[in-house]
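Number of protein chains: 2
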Amino acid sequence: MADKRRSFYGWGYQEDAVSAEELGWFERAWADLFGVDQFDPVPMPREGEIELRAPRVAIPKSLAAFCSDDKYDRLLHSYGHSPHDLARMIHRRDFSNPPDVVAHVRDEADIQAVLDWCGANDLAAVPYGGGSSVVGGVNPPTDERYKGTVTIDLGRLNKVLEIDAASQAARVQTGVLGPDLESQLRPSGLTMRFFLQAWEFSSLGGWIATRAAGHFATVYTQIDDHVESLRVVTPSGLIASRRVPASGAGPNPDRLFLGSEGALGIITEAWVRLHRRPTIRLATTVRFTDYEQACDAVRAITQSGLYPANARLIERDEAAFTEAGDGSADVLVLTFESADHPLEPWMDRALEICGDHGGAWDTEALGQADSQRSGAAGNWRNKFLRGPYLREHAIARGVMRDTVESCITWDRYLDFQDQVKRRTLAAIREVTGREGTCTVRFTHLYPDGPAPYFTWHALGDKERLVEQFWAIKAAASQAMIDAGGTITHHHALGRDHREWYDQERPELFAEGIKAIKGRLDPQAVLNPGILVDP
Amino acid sequence: MADKRRSFYGWGYQEDAVSAEELGWFERAWADLFGVDQFDPVPMPREGEIELRAPRVAIPKSLAAFCSDDKYDRLLHSYGHSPHDLARMIHRRDFSNPPDVVAHVRDEADIQAVLDWCGANDLAAVPYGGGSSVVGGVNPPTDERYKGTVTIDLGRLNKVLEIDAASQAARVQTGVLGPDLESQLRPSGLTMRFFLQAWEFSSLGGWIATRAAGHFATVYTQIDDHVESLRVVTPSGLIASRRVPASGAGPNPDRLFLGSEGALGIITEAWVRLHRRPTIRLATTVRFTDYEQACDAVRAITQSGLYPANARLIERDEAAFTEAGDGSADVLVLTFESADHPLEPWMDRALEICGDHGGAWDTEALGQADSQRSGAAGNWRNKFLRGPYLREHAIARGVMRDTVESCITWDRYLDFQDQVKRRTLAAIREVTGREGTCTVRFTHLYPDGPAPYFTWHALGDKERLVEQFWAIKAAASQAMIDAGGTITHHHALGRDHREWYDQERPELFAEGIKAIKGRLDPQAVLNPGILVDP
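Going down the list, the protein sequences come from chains Y and G. If you're matching positions, the first sequence starts at 1 in this note's numbering and goes up one per residue. If you're matching positions, the second sequence starts at 1 in this note's numbering and goes up one per residue.
The reader is advised that the hints may include incorrect statements.
As the list claims (entries may be wrong) - Example chain Y residues on the side facing chain G (calculated, C-beta under 8 Å, incomplete): (1) T142; (2) A240; (3) V244; (4) S247; (5) N252; (6) R255; (7) G259; (8) S338; (9) D411; (10) Q478; (11) Y501; (12) E504; (13) F509; (14) I516.
As the list claims (entries may be wrong) - Straight-line distance between alpha carbons at most 20 Å, and here's what the computed SDA-like set of lysine to any residue pairs gives: (15) K462/G - P41/G; (16) K514/G - G237/Y; (17) K514/Y - S236/G; (18) K514/G - A510/Y; (19) K514/G - P522/Y; (20) K421/Y - F34/Y; (21) K514/G - P534/Y; (22) K4/Y - E47/Y; (23) K514/G - E499/G; (24) K514/Y - P534/G; (25) K514/G - G518/Y; (26) K71/G - P60/G; (27) K147/G - F95/G; (28) K147/Y - S68/Y; (29) K159/G - E108/G; (30) K4/G - F95/G; (31) K4/Y - Y389/Y; (32) K514/Y - R145/Y; (33) K462/G - E435/G; (34) K514/G - E507/Y; (35) K514/Y - P522/G; (36) K514/Y - L508/G; (37) K514/Y - K514/G; (38) K4/G - E21/G; (39) K514/G - A515/Y; (40) K462/Y - A474/Y.
Think of the hints as simulated: they come from the structure by calculation, not from any bench. The beta-carbon is built from N, C-alpha and C at its ideal position, and this holds for glycine as well.
Work out the full structure: start from the sequences and follow the hints.
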């Protein structure tokens, strides 16, 4: 496969070490946060020290050309990238349930063959794109009715097959990761611009299966709106939807698979919408001393029809921690982008709205072509991009950092935020015996409400980190559901969110999904534990 | 119920006669079109001359308070408003299959009681909103396994229940018709602005069930994007989705019912997104002498991020017929609307794009506050709004006018248009023995392609009008499918489009829908013949 090897317990390639300087910065920030002098990190796990259960199934000869039971391969596919997944690995807590086989499928026929094999032998099939799930979406199931787990890695299906420049769309295999997708698109002048935080190590198919949300804060937020058509391999056969920009012909087939998380089929190809690479960009940061006024400004902008590419409101404490602000003001990172026209009228009106709500901004930052890479916005952006690389180092030190995210209408937003923060902080106190933090920013915006993203920090006990992560996450999740939000705007459900999904979705709708799954996946081989139980 | 009685064979209330002057204008236009001197209209049908089959079922006492088997009521609910439906009535061809009972339900409990009754007695239940279906969506099924048909009229569920001004959303009962909805919203300053052609006599529930498309040509086109959450009564119970602006928690439950056309459940309530009433509007018409260049201009505008409220490209022949142009040029009706900011930069750039593609426009029309109501755009708008009222008069004269509409990517658009027009004109020639017309406009636009709307005219034989309508419609529909488009962008499927829907949707997806229907509607009482067969 690739020449560089991915780290099995952390983010990125094995050689992509975090520099001592960068780590030092974060260590000081964590030390300040918790008022401790130093940390005593556990060393990172090495492949040699881990014993894996022998594969419980033998690879049939007919599948041997693309299936592997190599130790590293199985280790790499044992977990996703939630903090509690990482804690399990870094603190050597649990390597007891790796996949038995990893299938590096080369085409749809390979997938169908693997699904047939699984169906005939009571094996679970777990689809795997980039492996970046933070919700237990790629972890082998623990259900004892299965005699083994086969992880279906789509990494070889990584080609842009066709570009339609007139319609600004491309037909793409779904195993492609973000950077590879963009580099294949680059010669056309088009871009998908779906820059989520996990972009480097997440796949197009993963984005579609989990309803990921990308770069744009307004209008084209979730992947749903970027999909023209899909090809999906199910145990009962292929589903290929007709490629049209829109249709009113019955329930949209694609929308059944958007969010199906590998439980109804394996998405192999998609026609996706692209954009011309933006050539004009205006960005600035606006400071607000009153949070409620800041929310009102963002709401007014979102309801104005100006459609900024970004309008990320970062609460003052979070802004301070990521050096986007000094802690005295909430910070709105505001960006307009275009490949077509100058943006001053758009930005001028958005800033006028901010001014009406007590916002202040630096005019000099505004004009810079590169303004999102420098200053407060640039600081924020760097911390955001480096976040996944630091996660393993935090965990090795017992520093807990996790996020929960939701979506809620404006009329209930402030109460929602209060409840989630209050209950998360209370859980941190109860679980760890000391104070932590919980801050919020908006990632995506709709005319009827924001998608708030909560980040919490706590100092845990290295011996009990997995349980502590889980207890705090559970409290935050239940708070979001109780306060009327959704359990996820774009992190997906996986196995971890199932308890709250079951509270959120209508019971009879789940019965309907179960009926569909019974038809498409009659042996229930696909991603057990996800969405519904057979 | 209402004091005014709806016409059972035509559009509007019985007293809303078309004036002699207006009818005269259209008669002259039709006479010019076909080169005939005069028409010999059949008189409109009267209730007294029609005999209806006696109801095949007796209304149970428990349902008598809201169910009726009154003759006018059954007649009114016998057909939708497609031209061939109207032709059946106006030419007295077929009144053989009226519903046996019309249930004027008052609440969800009434609906559940009717569905229970239907399930226990092999009766079909046909949901009915405004009755404006042009695709046979409300016609009683002819399937002999049913011992009768109960039409469930939702007209009494017509209240706006709650308005959330902060989130610009409202909770609304789905039986409300367009004008009543807007008048209930008016005091709030908010509007749904979902002005489709059938707006006066179509319901919110109908828009949702059929995935209607509304006023806005870009971004917020289909009703799908206006729905926050739904309540749906199914024979197996209630499904109520959580009200959030967006969620990534599994497949979206609302998207299963958007487009379900009454076959999976009856939508009783929705939270819908609203807009502030626009206070600023710029509109103009741009003329193009080269159609391909006009398409390129529209494509560039759609891909620019300017998001006009309207950008309706009307082919020159259609423009001439509706007095939007003189026949020498294709006409683009271009409108920007806002409740927030002046629109000159938006319009200026859009016109610059038009200029780059050979477009010409009058600058004086641009500045008028009322510009969409006057001049070429105003002429077009009047003809558009009056269209449904004229339909019955055309049909009485043997003048056939029907529309088919689709959606297609830009790379295939010109070929698609050529094929559909060519095959439709050939069918007109073959079926009627004389030349007709087939023209096209764009109703809605996506970055990846337009939604073309074809209008055809033919002079038929009054004795064979229904068969002639059907033969031409079938040819046009098959052409759209063969050329890669969808059978409908917003007219829906009903019973009439089933043949082409079956060619369009993936077979295995239909099997999945069948499985869901089996779970939600196990006795298959809901709208038989729609979407899938049990």
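Going down the list of hints, with the structure as the test:
1. Checking T142/Y against chain G by beta carbon gives a least distance of about 21 Å; that is not within 8 Å, so the hint is violated.
2. Taking 8 Å as the C-beta contact cut-off toward chain G, the hint placing A240/Y at the interface holds, the least distance being around 6 Å.
3. Hint on V244/Y holds. Least Cβ distance to chain G is approximately 5 Å, under the 8 Å limit.
4. Contact between S247/Y and chain G, as hinted, is supported at the beta carbon level, the nearest pair being about 4 Å apart and thus within 8 Å.
5. The criterion of a C-beta within 8 Å of any C-beta in chain G is met by N252/Y, whose closest approach is roughly 6 Å, and the hint holds.
6. A distance limit of 8 Å between C-beta atoms decides the matter here; for R255/Y the minimum to chain G is near 4 Å, and the interface restraint holds.
7. About 5 Å separates the beta-carbon of G259/Y from the nearest beta-carbon of chain G, less than 8 Å, and the hint is met.
8. For S338/Y, the interface hint holds, the least distance from its beta-carbon to any beta-carbon of chain G being 6 Å, beneath 8 Å.
9. Using the Cβ-Cβ criterion of 8 Å, the hint placing D411/Y at the interface with chain G is satisfied: the shortest such distance is roughly 4 Å.
10. Contact between Q478/Y and chain G, as hinted, is not supported at the beta carbon level, the nearest pair being about 15 Å apart and thus beyond 8 Å.
11. The beta carbon of Y501/Y is positioned within 8 Å of a beta carbon in chain G (closest approach about 5 Å), and the interface hint is therefore held.
12. The beta carbon of E504/Y comes within 6 Å of a beta carbon in chain G, closer than 8 Å, and the hint placing it at the interface holds.
13. Because the closest C-beta pair between F509/Y and chain G is about 4 Å apart, less than 8 Å, the hint holds.
14. Taking 8 Å as the C-beta contact cut-off toward chain G, the hint placing I516/Y at the interface holds, the least distance being around 4 Å.
15. For the hint linking K462/G to P41/G, the alpha-carbon distance of about 9 Å falls within 20 Å, and the restraint holds.
16. Between K514/G and G237/Y the CA atoms are separated by roughly 16 Å; this keeps the pair inside 20 Å, and the hint holds.
17. Distance restraint check for K514/Y and S236/G: the Cα-Cα separation of roughly 15 Å lies within the 20 Å cut-off, and the hinted pair is therefore satisfied.
18. Between K514/G and A510/Y the CA atoms are separated by roughly 15 Å; this keeps the pair inside 20 Å, and the hint holds.
19. Distance check on the hinted pair: K514/G and P522/Y sit about 15 Å apart at the alpha-carbon level, within 20 Å; holds.
20. Restraint check for K421/Y and F34/Y: the C-alpha separation of about 18 Å stays at or below 20 Å, so the hint holds.
21. Distance check on the hinted pair: K514/G and P534/Y sit about 17 Å apart at the alpha-carbon level, within 20 Å; holds.
22. At roughly 16 Å between alpha-carbon atoms, K4/Y and E47/Y fall within 20 Å of each other, so this suggested pair holds.
23. Distance hint between K514/G and E499/G is fulfilled; the C-alpha atoms sit about 17 Å from each other, no more than 20 Å.
24. Our distance criterion of 20 Å between C-alpha atoms is met by K514/Y and P534/G, whose separation comes to about 17 Å.
25. The hinted pair formed by K514/G and G518/Y meets the criterion: a straight-line CA distance of about 11 Å does not exceed 20 Å.
26. Restraint check for K71/G and P60/G: the C-alpha separation of about 18 Å stays at or below 20 Å, so the hint holds.
27. Between K147/G and F95/G, the direct Cα distance comes to roughly 17 Å. Compliance with the 20 Å bound is thereby established for this hinted pair.
28. A distance of roughly 17 Å separates the Cα atoms of K147/Y and S68/Y; the hinted pair therefore holds under the 20 Å criterion.
29. Restraint check: the Cα-Cα separation between K159/G and E108/G comes to about 14 Å, which is no more than 20 Å; the hinted pair holds.
30. For the hint linking K4/G to F95/G, the alpha-carbon distance of about 23 Å lies beyond 20 Å, and the restraint is violated.
31. A C-alpha spacing of about 16 Å is found between K4/Y and Y389/Y, which places the hinted pair at or below 20 Å, so the restraint holds.
32. Straight-line distance between C-alpha atoms of K514/Y and R145/Y comes to about 18 Å, which keeps the hinted pair within the 20 Å bound.
33. For the proposed pair K462/G and E435/G, the alpha carbon gap of about 17 Å is at most 20 Å, so the pair holds.
34. Note on K514/G and E507/Y: the hinted pairing holds, with a Cα-Cα distance of about 19 Å set against a maximum of 20 Å.
35. In summary, the hint linking K514/Y to P522/G is supported, as the alpha carbons are separated by about 15 Å, within the 20 Å threshold.
36. For the hint pairing K514/Y with L508/G, the CA-to-CA distance comes to about 15 Å; that is within 20 Å, so the pair holds.
37. For a cut-off of 20 Å, the pair hint linking K514/Y to K514/G stands: about 12 Å separates their Cα positions.
38. A hinted pair counts as satisfied when its Cα atoms are at most 20 Å apart, and K4/G with E21/G does not qualify at roughly 24 Å.
39. As the CA atoms of K514/G and A515/Y are separated by approximately 9 Å, the hinted pair is consistent with the 20 Å bound.
40. Between K462/Y and A474/Y the CA atoms are separated by roughly 19 Å; this keeps the pair inside 20 Å, and the hint holds.
Comparing the model with each earlier hint shows violations of hints 1, 10, 30, 38; every other hint is respected.
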